[in-house]
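Starting from the known structure of chain Y, arrange chain B on it as the hints suggest.
For the record, the sequence lines run as chains Y and B.
Take 0 as the starting number for the first sequence in numbering that gives the first Met the number 0 and just add one per residue.
Take 0 as the starting number for the second sequence in numbering that gives the first Met the number 0 and just add one per residue.
Which stretches of chain Y does chain B cover? Using the computed rule of at least three CB atoms under 8 angstroms from a CB of chain B, they are:
1) 3-17
2) 23-31
3) 38-45
4) 187-194
5) 282-293
To be clear, the hints were calculated from the coordinates, so they are not data collected in a lab.
We put the CB at the ideal spot given by N, CA and C, even for glycine.
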Amino acid sequence: MNAVDLFSALHREGLRSDAASPSIPERKPVSPWYARALLGVCGWIGGLFVIGAFGGIFVGLFNNAPGLSLLAAILVGIALWLYRRGGDNEVVTQFAFASSIAGQVAAGAALAHLLRPDNHQVVFALALAVLQLVLIGAMPNRLHRLASTMFAVAALVFAAHNTAFARWLPMAVSLATVAVWLRESDWIAKRQDALWRPVGHGLLLSTLVIEVVPWVETLTNIHGSSRYWLSPFVHAPALALLVLALTRRATILHRALAISTVAILCAASGLAPGLAAAACVLLIGFACGNRAITGLGLLGSLAYLGLYYYRMDTTLLVKATALAASGVALLAARSVMALAWRREETT
Amino acid sequence: MNADILPSLRQRDLNELHERGEIDRATWSRAMQLTGLRPGASDWRLFLERLFLIGGALLLTSAVIYFIAYNWAGLSRIARFALLQSVLVAAVIGALVSGIDTPKGKAALLAAVILIGPLLAYFGQTYQTGADPYQLFVSWVLLALPWAFAARFAPCWAVVLIVANLAVGLWLGEVFRPLGLGFSGLLPYFGLLCLNAAAIVVFEAWPAPFGKGRWLVRLAGVFAIGAATWLGIWLVLDLGREGENTLAFAHPVAMAAGWWYFRRVCLDIFLLAMGALSAIAVVTALVARSVIDLAGGGGLMLLGLLVIGLSAGAAIWLKNLAHEAGEAQ
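Only chain B is shown next, with the shape it has when bound in the complex:
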């Protein structure tokens, strides 16, 4: 048989050969390294260098935040500002000196992106500006964006995405009043769905500034699916005010769009699994509304069987998709 057309070996294949006694322990161990299923010396080196660098930067950044939060009585207001600002400036200078494209530079910019938040929070606390909490997060996003673009580092963008979610959630939940109406319970979730859907579009269409790997898309996808699920449950349980439930129709629309994109255009079984879980939650809520009052526990039994059946069906579908894509280990 032509060796070029043979499939790549998976961990299960080598485990089974070891189980059958075809290869001994030392051979199994070396085979795992040769096939790239276990790390070799150079992989360990790269991994430890990155882990220690990014871990060290994150721990030191957290230590500064904890220290400021402690409000140590011996520090004056000026000293606290000086401490926060000097650490921030040191991180940026460190990034420039090391080179923004080096791992050290990226780790330093990640620390800088995180430190903007505590600095703004301390500013607001000290001068009582009267600003709404969402404004802090909006300012944080705006100030962090240039550094995130410069770093081209996915963890920096993850911080920006999380802070942007907080900003949009707080703005729509506490401040925004469309047409002079009162606060809307559904609007923050609708806003979060739109924000994260837009983020997915941007990450997928222009991947270059956002670093390597798909986990940023998956993070935005999990946020979007979480918001959409809440909208869907709200819709089927009819919890919203009159007219408000229109927004909740975003759930089926988002699920359909997500299925089309992540199944047909760019296969992502992880996000399809999250979507399936969301669909199961909403369908169960829909059926629960009708059957929960059935006497003698019949409603609960029906719901139990429904959840079991739907999840088993979803698992079979996902397993087949993974087999097609050769993704499962």
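Here chain Y stands alone, though its shape is the one from the complex:
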């Protein structure tokens, strides 16, 4: 639909006082998501090569905390300068990203010398998380903000490991994800799209990684513990919040049906919480009209179904029961929804 047709339609619906179209901004070339993913992977590898090179140039660098701190400050400073000067130039921003990654590795190594993670794991991981939060605010680049969001969540996972908070972290991440995406219109209106969209993407990826990737999942594991009763509630608040927001203009019957589906799905998949996490990503992706995120949610749920088989904390019989209950819940929800839609059409 072009601008003239759209603003005529909006005028007819009473959303615009006149049918005239405002001037449409000039179109600049934009990288598709897979080109940005390519940049991210290569920039990360390039950064590791660069920090490895510094290790070769300055012998003993990795045993010298002040030297590492100085190098980190220089590399991150160069990245910041390049980002602020380079604009959208891919060559400059890719150098900046790699420089920042190298600087972050140097900063991590310096912090490890100072804080001794063997003895102070929580403080060390929290320091890394704070560093990433500062970088999210400071670096004016979407790819960097996405990567820093994921690194910040990873640092929080390590900080929470072996503490009572580990059980609450997946819930906090999925809730934060939904909270960010439900305010999409607000952050666009406040000209904060460049900050919050990459953060939102980073949180979506983190929600999936925490539940689907086996060794990460074990760090926040609640399923084999005495708190297993928490399991069905891990992603229920996020899913309920999301569904309530998406159905705010629907009839009471549809809202009740949607919330009942969330409750039944969360209860049925209680011992397989990756399904609820993937459902969260899937719904956000579809609601935002983003096929890549929707595909990611689908891929995440399929990956979870495959990897769930190898989890050691429950028997295959328990897993089969959880999956069968979830499957029946979905099919039952579909039948009830179809019935409600048919009844609505006839009335």
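Positioned in the frame of chain Y, the structure of chain B alone reads:
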């Protein structure tokens, strides 16, 4: 200006209008729906119906597989066979009753295509037939093919493609010994490249039986590029036995053919991006072989700069292609 020649609006255009305060929140939200950039009520209905149906079928199928794998002591051998076969038969009957062209029928056939594997595996485990593992996957493909053709449903074909990859990989890796020679390290990757290249040709030339969308072509493309990349790295690092590296020349040939087809004949920027990533990996391995031993970290620095430069160049190329095609959002 003639409204017919105006370009379609993109999400970025509407976001920028919202950012400039030209449209408020409610108008932005409605505009996103009217332009098809956000789903409307009918889109949600279709999406949820399909998601719940296919998701439910997949979860129930997985539950059956997990249950059989549990080897519940209370089930006899006959009972386990009866359970697997009855679920398989129920899925096929469900497809026939619902109609193969309906979403329910397609979901039931997808479940049936998946369930063939566990049934064959349990058969092999119970009767110890002595068959090689690849034979299980070949049988799975052959038995699934008629149902995949009947369903005309891309997820069914995706299962067939993945199982066929396993069959070819296992056969060439563990069984096939050309001219009485020993096992070849490169042959499985060469075979996977050929299989997936052939699949792309078939999917593109006769699209009708394979369902809608391009993701099946992209799945085969990712498998082909993965195999070709391994061949290319093997070639430049000279890891193969004498004479074996001839197979690795398939990497440049496959990259050139892929570039020609997906750039010139049928533009697919996603697969071009995967090809660019593969080329970067192979070129980096080639340069690494020469410079990795440079003293003082110079080699690593050179490699870092190379990866950064090549990836930035690839991103610029892909961005321009996407702009030409109007694909980026």
